[in-house]
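Number of protein chains: 4
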Amino acid sequence: MSRKILVTGFDPFGGELVNPAFEAVRLLPDEIAGVSVVKLEIPTVFTRSAKIVEETMDRERPDFVLCIGQAGGRSAITVEKVAINLAEARIPDNDGEQPCDAPLRADGDTAYFASLPVKAMVKNINDHGIPAFLSYTAGTYVCNAIMYNVLYLIDRKFPSAKGGFIHVPYAVEQGVGKPNGTPVMEIATMAKAIECAIETAVTVDMDASDIMGETH
Amino acid sequence: MSRKILVTGFDPFGGELVNPAFEAVRLLPDEIAGVSVVKLEIPTVFTRSAKIVEETMDRERPDFVLCIGQAGGRSAITVEKVAINLAEARIPDNDGEQPCDAPLRADGDTAYFASLPVKAMVKNINDHGIPAFLSYTAGTYVCNAIMYNVLYLIDRKFPSAKGGFIHVPYAVEQGVGKPNGTPVMEIATMAKAIECAIETAVTVDMDASDIMGETH
Amino acid sequence: MSRKILVTGFDPFGGELVNPAFEAVRLLPDEIAGVSVVKLEIPTVFTRSAKIVEETMDRERPDFVLCIGQAGGRSAITVEKVAINLAEARIPDNDGEQPCDAPLRADGDTAYFASLPVKAMVKNINDHGIPAFLSYTAGTYVCNAIMYNVLYLIDRKFPSAKGGFIHVPYAVEQGVGKPNGTPVMEIATMAKAIECAIETAVTVDMDASDIMGETH
Amino acid sequence: MSRKILVTGFDPFGGELVNPAFEAVRLLPDEIAGVSVVKLEIPTVFTRSAKIVEETMDRERPDFVLCIGQAGGRSAITVEKVAINLAEARIPDNDGEQPCDAPLRADGDTAYFASLPVKAMVKNINDHGIPAFLSYTAGTYVCNAIMYNVLYLIDRKFPSAKGGFIHVPYAVEQGVGKPNGTPVMEIATMAKAIECAIETAVTVDMDASDIMGETH
Numbered sequence: 001m002s003r004k005i006l007v008t009g010f011d012p013f014g015g016e017l018v019n020p021a022f023e024a025v026r027l028l029p030d031e032i033a034g035v036s037v038v039k040l041e042i043p044t045v046f047t048r049s050a051k052i053v054e055e056t057m058d059r060e061r062p063d064f065v066l067c068i069g070q071a072g073g074r075s076a077i078t079v080e081k082v083a084i085n086l087a088e089a090r091i092p093d094n095d096g097e098q099p100c101d102a103p104l105r106a107d108g109d110t111a112y113f114a115s116l117p118v119k120a121m122v123k124n125i126n127d128h129g130i131p132a133f134l135s136y137t138a139g140t141y142v143c144n145a146i147m148y149n150v151l152y153l154i155d156r157k158f159p160s161a162k163g164g165f166i167h168v169p170y171a172v173e174q175g176v177g178k179p180n181g182t183p184v185m186e187i188a189t190m191a192k193a194i195e196c197a198i199e200t201a202v203t204v205d206m207d208a209s210d211i212m213g214e215t216h
Numbered sequence: 001m002s003r004k005i006l007v008t009g010f011d012p013f014g015g016e017l018v019n020p021a022f023e024a025v026r027l028l029p030d031e032i033a034g035v036s037v038v039k040l041e042i043p044t045v046f047t048r049s050a051k052i053v054e055e056t057m058d059r060e061r062p063d064f065v066l067c068i069g070q071a072g073g074r075s076a077i078t079v080e081k082v083a084i085n086l087a088e089a090r091i092p093d094n095d096g097e098q099p100c101d102a103p104l105r106a107d108g109d110t111a112y113f114a115s116l117p118v119k120a121m122v123k124n125i126n127d128h129g130i131p132a133f134l135s136y137t138a139g140t141y142v143c144n145a146i147m148y149n150v151l152y153l154i155d156r157k158f159p160s161a162k163g164g165f166i167h168v169p170y171a172v173e174q175g176v177g178k179p180n181g182t183p184v185m186e187i188a189t190m191a192k193a194i195e196c197a198i199e200t201a202v203t204v205d206m207d208a209s210d211i212m213g214e215t216h
Numbered sequence: 001m002s003r004k005i006l007v008t009g010f011d012p013f014g015g016e017l018v019n020p021a022f023e024a025v026r027l028l029p030d031e032i033a034g035v036s037v038v039k040l041e042i043p044t045v046f047t048r049s050a051k052i053v054e055e056t057m058d059r060e061r062p063d064f065v066l067c068i069g070q071a072g073g074r075s076a077i078t079v080e081k082v083a084i085n086l087a088e089a090r091i092p093d094n095d096g097e098q099p100c101d102a103p104l105r106a107d108g109d110t111a112y113f114a115s116l117p118v119k120a121m122v123k124n125i126n127d128h129g130i131p132a133f134l135s136y137t138a139g140t141y142v143c144n145a146i147m148y149n150v151l152y153l154i155d156r157k158f159p160s161a162k163g164g165f166i167h168v169p170y171a172v173e174q175g176v177g178k179p180n181g182t183p184v185m186e187i188a189t190m191a192k193a194i195e196c197a198i199e200t201a202v203t204v205d206m207d208a209s210d211i212m213g214e215t216h
Numbered sequence: 001m002s003r004k005i006l007v008t009g010f011d012p013f014g015g016e017l018v019n020p021a022f023e024a025v026r027l028l029p030d031e032i033a034g035v036s037v038v039k040l041e042i043p044t045v046f047t048r049s050a051k052i053v054e055e056t057m058d059r060e061r062p063d064f065v066l067c068i069g070q071a072g073g074r075s076a077i078t079v080e081k082v083a084i085n086l087a088e089a090r091i092p093d094n095d096g097e098q099p100c101d102a103p104l105r106a107d108g109d110t111a112y113f114a115s116l117p118v119k120a121m122v123k124n125i126n127d128h129g130i131p132a133f134l135s136y137t138a139g140t141y142v143c144n145a146i147m148y149n150v151l152y153l154i155d156r157k158f159p160s161a162k163g164g165f166i167h168v169p170y171a172v173e174q175g176v177g178k179p180n181g182t183p184v185m186e187i188a189t190m191a192k193a194i195e196c197a198i199e200t201a202v203t204v205d206m207d208a209s210d211i212m213g214e215t216h
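Residue numbers (the UniProt record's numbering), protein chains in the order written: chain H, 1 to 216; chain B, 1 to 216; chain R, 1 to 216; chain F, 1 to 216.
FYI, nobody ran anything at the bench for these hints, they're computed from the structure.
A hint or two may mislead.
Which copy is meant is left open, because identical chains are indistinguishable; a pair holds if it fits in one copy or across any two.
Stated by the list, open to error - Below, computed lysine to aspartate or glutamate pairings styled on EDC-like, alpha-carbon distance capped at 20 Å:
no., residue 1, residue 2
1, Lys178, Asp210
2, Lys192, Glu173
3, Lys178, Asp63
4, Lys178, Glu214
For reference, chain H alone in the conformation it holds in the complex (with noise of 0.2 Å):
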């Protein structure tokens, strides 16, 4: 039986008519490097995109799970590293939830690493011609919650699947009406960049040894 990929988008959130995360997704193949993609749109819900993607692991048992969000201003497609056992939000969520320093577990580690090889992945999306950076903070609102609930998920309930997180930029027709200097890219090629992203986690077991760290 071929292995498979969950790859999750949020629906549109904070005003914005279109989340580029899901779009990009709906690009996807659905196969990728022999393994089968399962795309999954996800309300931008604190506590509903988590059930949602429980119930699916429960119901797909993906060998991978790779969840997709909008970090608005980011120039470049960046794959985080660290989702932390935090909930602040800015904005309420499509549900009207707006969490203030909580934790996203009571019982959960405070921070878990992705399991998946990061820096191949962000080296892959660099080779084919796409910038790409490794982040270290997933924020502290949906993104970071759904990234750190699947790294939990996966620790205490289905310990065989590896996990991570991409945040693309603004698409380009959300760019019309921001500031000068606001950063977009086309949803083709943010599809593009996660298709290698996926290629990489699907078949790298150790992760690539370039140094992708701060000075600071």
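Starting from the structure of chain H, add chains B, R and F where the hints point.
Here is chains B, R and F on its own, set in the frame of chain H:
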């Protein structure tokens, strides 16, 4: 006889392997709004670029001249309002010229405003879902120089023509290896934006009256 | 009789409680390099600011005029090279004027270059440990307007005077509540930079020949 | 016996002649809100900095530990929320160590949250007119390492102490020669901000409940 627009784009410079300016021009259709599009790649050279454009204007007698250049680091399409009579090159051009605080034309005005309907062009690009802004500086390198030279030539020799300049961001692949935060754009997106701008340039006489000023 | 420099700074605008421009001018000594410093607060108003400066130039007959304004969002002291014959206001000025794509002087040149030794001023500020750059756009608001008007008046009426303009960042306290990433500067640091600039302006005839151009 | 706060700052690294972190610490008063301030310059070295801080904690038994480091490129004072169990150095430290994707403590948690009232500290700095933000990444270099080590030591060995970390921007003079747009801050302003932060750290038990989260 149909009207003509001359659209120029520079060749690569500064160690880059590609210049998205002419790559985008290359993708333009041969006719926009009934106007023939004459495409011309020009060297990133202060002196020769002006000569080649003048010779081409002599031969082709275009009704419009629109020059395209790269402004690495800008996030959006920027339509330039003004060119100044100044050459100051931080790096040598492709012929090794590196003018410093030098006038471009001893007998030219201190500056010329673009004679194309710049605000309407910005607006039409935005209306097609691509971020664009009006810019009040075309720099001091070969981009400003060709814009200045075209407007000088129009002023002195081709009074029935109209001229302008558009800056494009780095292409996506140019972003690889540049610092995190460097905005990029697909060349096809640039081409679509330039096509929108040309459509407006050749059909609109009176510029839009939207406010596009600065607050300093 | 000793020589004189007129140094102007705008009053607060755009909802800000303070304008660091005049606050910095206020901190200047009354004499710099043997030249008397005449300090003048001017309104952030297109029409009246020009009248007040002209009246003061009539009365004081300064050898030099240096105007200071705020460019919120810039990180460094920027010495302006050029002012353009254009008024375009994103927000109304303090008298409610909001010109759009209007010339400042019907009979003026399209632009004037600063007649002060701008590169040497930048260099001297940097040499005193404060970041400074040459800028090729003074915007399209009241800052550009007063710079343009001063250079127009010098051209037409006060040919022995020299004029220029310096933009300063937001003051530190203005940064509170603004988006993360907004650069700020202490007003005392701005005053020190302006003093360095004036010292150069009144003692240097031939500008420096350092390269300070752009690469686009 | 009066309570004590240990405040550390790093020495210069990465080719800089000065590190504003310890320069700012040096300017602090010897007592803040009745609490003695113990100042310590520590080397920008992964291994030795942790040892020196542990020895000093053994000797001084501080009630609070606040470490200060430089985050060149940030515009504001940033109070860090979380330190991660990861060392990844883009450049070698001052002893030539350059760890890559290595845990800081084999037996440590994946991350620790600061135990000081970080939001109240941010708020008090802002209330004193200096821009400050909460940050959710302390990087992966020596700054994150010392913050992690201090919180690890508090967790294991000094349970009655509280710890945290503050990043400061480049000092003004460090901005000279750096790219236009690089934010800077006076060292005296940093010192004032750190003093505000300490005043809060030593007097506030319950953190503020202001929303300081991200929207991605």
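Taking the hints in turn, this is what the structure says about them:
1. In this assembly of identical chains, the alpha carbons of lysine 178 and aspartate 210 lie at most 20 Å apart only when taken from different copies (16 Å versus 35 Å within one copy).
2. Taking the closest pair of Cα atoms, lysine 192 and glutamate 173 come within 20 Å of each other both inside a single copy (18 Å) and across two copies (13 Å).
3. Neither within a single protomer nor between protomers do lysine 178 and aspartate 63 lie at most 20 Å apart by alpha-carbon distance, with minima of 39 Å and 34 Å respectively.
4. Taking identical chains as interchangeable, the C-alpha atoms of lysine 178 and glutamate 214 lie at most 20 Å apart only when they sit on different chains, with a minimum of 15 Å there against 29 Å within one chain.
In this structure, only the earlier hint numbered 3 is contradicted, and the remaining ones agree with it.
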